[in-house]
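Novice: Below are the chains, spelled out letter by letter.
There are 4 protein chains.
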Amino acid sequence: MVHEPNNWGRFGPDDQRGTLNLLSPSAVLAALGAATTGEVLSLALPIRGATSSPAPTTVPHLRDRPLPQHFMSVDGGDYAAGARPIGEGLRVADDALVVTPHGTTTHMDALCHMWSGDQVYNGHPAARVRSYGAGRCGIEQVGGVVARGVLFDVPRRLGLDHLPAGHRIPAAALAEIAEPRPGDVAVIRTGWPRVWERSREEYWSGQPGLSAEAGRWLAARDVAVVAADNAAVGGLNARGTADESLADDLHLILLHRHGIHLIEMLWLEELAATGRTEFVFVAAPLRIEGGTASPLTPLAIL
Amino acid sequence: MVHEPNNWGRFGPDDQRGTLNLLSPSAVLAALGAATTGEVLSLALPIRGATSSPAPTTVPHLRDRPLPQHFMSVDGGDYAAGARPIGEGLRVADDALVVTPHGTTTHMDALCHMWSGDQVYNGHPAARVRSYGAGRCGIEQVGGVVARGVLFDVPRRLGLDHLPAGHRIPAAALAEIAEPRPGDVAVIRTGWPRVWERSREEYWSGQPGLSAEAGRWLAARDVAVVAADNAAVGGLNARGTADESLADDLHLILLHRHGIHLIEMLWLEELAATGRTEFVFVAAPLRIEGGTASPLTPLAIL
Amino acid sequence: MVHEPNNWGRFGPDDQRGTLNLLSPSAVLAALGAATTGEVLSLALPIRGATSSPAPTTVPHLRDRPLPQHFMSVDGGDYAAGARPIGEGLRVADDALVVTPHGTTTHMDALCHMWSGDQVYNGHPAARVRSYGAGRCGIEQVGGVVARGVLFDVPRRLGLDHLPAGHRIPAAALAEIAEPRPGDVAVIRTGWPRVWERSREEYWSGQPGLSAEAGRWLAARDVAVVAADNAAVGGLNARGTADESLADDLHLILLHRHGIHLIEMLWLEELAATGRTEFVFVAAPLRIEGGTASPLTPLAIL
Amino acid sequence: MVHEPNNWGRFGPDDQRGTLNLLSPSAVLAALGAATTGEVLSLALPIRGATSSPAPTTVPHLRDRPLPQHFMSVDGGDYAAGARPIGEGLRVADDALVVTPHGTTTHMDALCHMWSGDQVYNGHPAARVRSYGAGRCGIEQVGGVVARGVLFDVPRRLGLDHLPAGHRIPAAALAEIAEPRPGDVAVIRTGWPRVWERSREEYWSGQPGLSAEAGRWLAARDVAVVAADNAAVGGLNARGTADESLADDLHLILLHRHGIHLIEMLWLEELAATGRTEFVFVAAPLRIEGGTASPLTPLAIL
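Protein chains in written order, with the numbering used here: chain B, 518 to 819; chain S, 518 to 819; chain H, 518 to 819; chain E, 518 to 819.
This is chain B alone, in the form it adopts within the complex (with noise of 0.2 Å):
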């Protein structure tokens, strides 16, 4: 049957308007400043997408998920066929995607995302978080991230390679490796993705991850975004769940109260190599009108 029309306007300039940055363009100017050798690093997990296959078992992620496919609807091995090219020769490939980002791949988190009660961030009333998507505070909202980063790589100075499950990183071990900024994204690395090399079953019997203290700590710091190689930020337990009460609940403290956007599941390895504490982080999810998340590729300007 026939449905109504939704009351999403027409498309103009008004879609345009009111994506929020989440720095002053004083302040975006001066985390430019932390880039001084130019090298740029991806900090993306792979989207790994055959589908009749294993292979997208072979990248992080959380159990029993819905993992990403990727289509080709045309192909090389179209024309190796036998497909007739376009006019004279062209010849084209192209693709799709199926993608629930959390969980999956590395992904930005709307402030619609999670919540208690009956509203989400900042008082918007959740029940306008419906199937048409988001109607408050949706990922749509966040127009991109230009801002000064801090890598907090605690297994390093902890002198291990990963952190272990059951580890809930303290805000002194936080404040002992760098004082953040207002503003600045704080990108936490638990080495916890080396894991999966190693034992998919290892990687999911937990997670290690912030406490709930170290998360008040970098609220009150004010930083814009907090980033990390971990699927939530806090910690996970062996059935992929957090353990925290709902006060102590670092997507709660972080998101919900204080409206300070996530990003989960990055890959920090290579930047955590370059031994860098301080450089440009940039990050822009992709425009999905009403999405509670996005995956993205952040880069780290060096």
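Calculated directly from the structure, the hints in this document are not laboratory data.
Just so you know, not all the hints are guaranteed correct.
Stated by the list, open to error - Per label pair, the in silico range of CB-to-CB distance:
{"#": "1", "chain 1": "S", "residue 1": "P642", "chain 2": "E", "residue 2": "G550", "range": "53 to 61 Å"}
{"#": "2", "chain 1": "E", "residue 1": "R601", "chain 2": "H", "residue 2": "R738", "range": "30 to 38 Å"}
{"#": "3", "chain 1": "B", "residue 1": "T574", "chain 2": "E", "residue 2": "G776", "range": "52 to 60 Å"}
{"#": "4", "chain 1": "S", "residue 1": "G640", "chain 2": "E", "residue 2": "D739", "range": "46 to 54 Å"}
Said to hold, decoys possible - Listed below are several chain S residues computed to face chain H (Cβ distance under 7 Å; list not exhaustive):
{"#": "5", "residue": "T574"}
{"#": "6", "residue": "D581"}
{"#": "7", "residue": "P583"}
{"#": "8", "residue": "S590"}
{"#": "9", "residue": "V591"}
{"#": "10", "residue": "D592"}
{"#": "11", "residue": "D595"}
{"#": "12", "residue": "A598"}
{"#": "13", "residue": "G599"}
{"#": "14", "residue": "A644"}
{"#": "15", "residue": "R647"}
{"#": "16", "residue": "S648"}
{"#": "17", "residue": "L763"}
Claimed, not checked - Beyond 10 Å from chain S on every Cβ pair, some chain B residues (computed):
{"#": "18", "residue": "L677"}
{"#": "19", "residue": "P681"}
{"#": "20", "residue": "A692"}
{"#": "21", "residue": "E730"}
{"#": "22", "residue": "R738"}
{"#": "23", "residue": "A755"}
{"#": "24", "residue": "H775"}
{"#": "25", "residue": "R793"}
Glycine included, C-beta positions come from ideal geometry on N, C-alpha and C.
Start from chain B and add chains S, H and E according to the hints.
Specialist: The following block gives chains S, H and E in isolation, referenced to the frame of chain B:
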């Protein structure tokens, strides 16, 4: 039935190697100098993916393409209807995206996207571009673009709101506006997305774009990327295809012969309104292994 | 982040219980007696899902719906391009389908598909129809339909190729053709799919369908299913919606108030050409748990 | 960029011609005689597609396959959250399905699904099986199956709940149970889906199935379809692949060499419990043009 494991290896640090940043570190550093005010603008169209209503059709796209679909797998409506929160009261919204980027949203073409003969860019065999993804020249090869952007606002120069559908921009029109340097991102404004507001039929009646001569002029200047607000960098006729011969096809000139990446379907209206012609251009495609393109949100740092 | 397990139990024999066959065993046996020649006809439109071309738009559908997408994850082209076969030489083609059945292809509506107020069919709370699927009245509740089909070929009766868009079939027109028995499938031919061949704009200009009075007449005769070749059983206006009031809405009369399942977008041309008015009608929806509909291929056994 | 129209023609009556019913009309009529009580049983596994939870993993499937995803694009939760109904008060639930049938749910294989050398069934060139779909031997060629079903309940004969993983059913075991007639659907019960309830790891440890000799025995009796409750008709090893040589591969024997369609991943427990060995078997795949398979719900009419 049961299929062979594909021959992508297990995930590990090697997966992160070999991605191509389109500029050298020193060029990146120089490009950052183009930022003067620190204002950040998104250059992406919204991804409007509601799926049981005409909504997605309200954003510019080519005719008869599979439009983005966006689904919430849990949302605020479910809690309003009585869904049990997690644990003590955590609530969550989660979603999925189905996207075919070519012709439907702002995206970057991979070097495997178009060719003639049996080889994609740089002599790689087109036969390696298969259903599992492009084994050569996939979009995951592009780590990120951090470069100087130069805006070629052609309709402004001509005193028009937008170029007419049949207009093919000559090289001289670009040369009058600016002389790009090697490694620049040439950002071409046609103004055509403004037509969508008036009439989608008019939007589909053809599209203005670069002439072959202008494409060669940009290639000769060794730009890193050509980024445009039309759908195909070159122009389109009323059937949605290009009229150029193989020798003059813009995709073949830029992508296939010179390895110059293309970004299409930009939204440049706010950028144009600022009057700025030089800025930092940052773009980072999703790391879709073997992808022919990626949706993305390019940023202009003014 | 991490979500609660849903409350669907583990899979087991209980999952197979409680599905509803729309007729009693003795009625099924009687219905099989309607087969006289044994010819079998498919009553489904093709699902034409190529994804980088206008192909899907060549099959009748409602305007601006997300059309089916069909992807090959491995195919003969890959082997032509040199893909290694499995083991000694086994080759395989595999695929995936993305489908939103309402308005795009032949499908059966579940009882949860449409309602007014706060309750779906039979007083079940509409609040149980959530993002995880319909917890009440989902399409998986229908095991299968094996019944006598009765064809109401209204345009043939009127000497027309198809009914005009504004036509609303009166009860008397049905009564002149046949008197259905309880448990029959009433198959309504409007001929409207033939219009698609002439012009999709004309197909979208409105659609003929049952009048409310005819819907009540069928409900009073206790048919098991109403199956039609138009998109909504009732008629549509040029905006693709129904003009009836809530009291007279065909979906509400049949699906919501009487629990009569609907099958829409049938292809009835070959069946009509046989001149047969009674036959065995068989249809079995996919067992999509919590689905609002299922694409399917109904069969007529003549 | 822009692609060529494919060479599927416009939709019309010809699209409906040439579909293959697997039996002659007289054989269909004879098959209907196998119904004695009129009870109708669904033989399909549920499609459990919730997407942000482990739900789909609770239904039997092969390891590491892309599982079905089911999304609601509007649902009762949206209305509970305040969504505006249509017109005077019509409310609607709508959804979408993403499905890769092989290895994930009850499905029918098309004749293009597996081959060796360069030709699919009956000498059709495998090179016509491309990204746009199979140009030869796609699942849309099968109009419907209405035939006598004969149940071969092998574990019951052996006094077992299910066959062990390593068991390959010999021809003699089938011959002891029944002698199928040309055009019958041979329904093979291994009982293996019952193992899933105990342990999915055990389900994945291998699977019992037909021996090559039994496959040849069925082919020699000219059955129309072989339908089984395991994943591949033949057996599987712990890697999820077949151990047979090309000469003895069950898919090649049945599908490739004899054009016998396969239906896999049936749920046969209720049917087996009835003790009935003959019945009417009805199945109708979705008319996916160029599809390698279709999910479906086969029915047994007892």
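Novice: Now tell me, hint by hint, if it's right for this structure.
Specialist: So, going through the hints one by one against the coordinates:
no. : hint                         : in the structure
1   : S:P642 to E:G550: 53 to 61 Å : holds (59 Å)
2   : E:R601 to H:R738: 30 to 38 Å : holds (35 Å)
3   : B:T574 to E:G776: 52 to 60 Å : violated (35 Å)
4   : S:G640 to E:D739: 46 to 54 Å : holds (53 Å)
5   : T574                         : holds (5 Å)
6   : D581                         : holds (4 Å)
7   : P583                         : holds (5 Å)
8   : S590                         : holds (6 Å)
9   : V591                         : holds (5 Å)
10  : D592                         : holds (6 Å)
11  : D595                         : holds (4 Å)
12  : A598                         : holds (4 Å)
13  : G599                         : holds (6 Å)
14  : A644                         : holds (4 Å)
15  : R647                         : holds (5 Å)
16  : S648                         : holds (5 Å)
17  : L763                         : violated (20 Å)
18  : L677                         : holds (17 Å)
19  : P681                         : holds (21 Å)
20  : A692                         : holds (28 Å)
21  : E730                         : holds (19 Å)
22  : R738                         : holds (21 Å)
23  : A755                         : holds (16 Å)
24  : H775                         : holds (16 Å)
25  : R793                         : holds (13 Å)
Hint violations for this structure: numbers 3, 17, all remaining hints satisfied.
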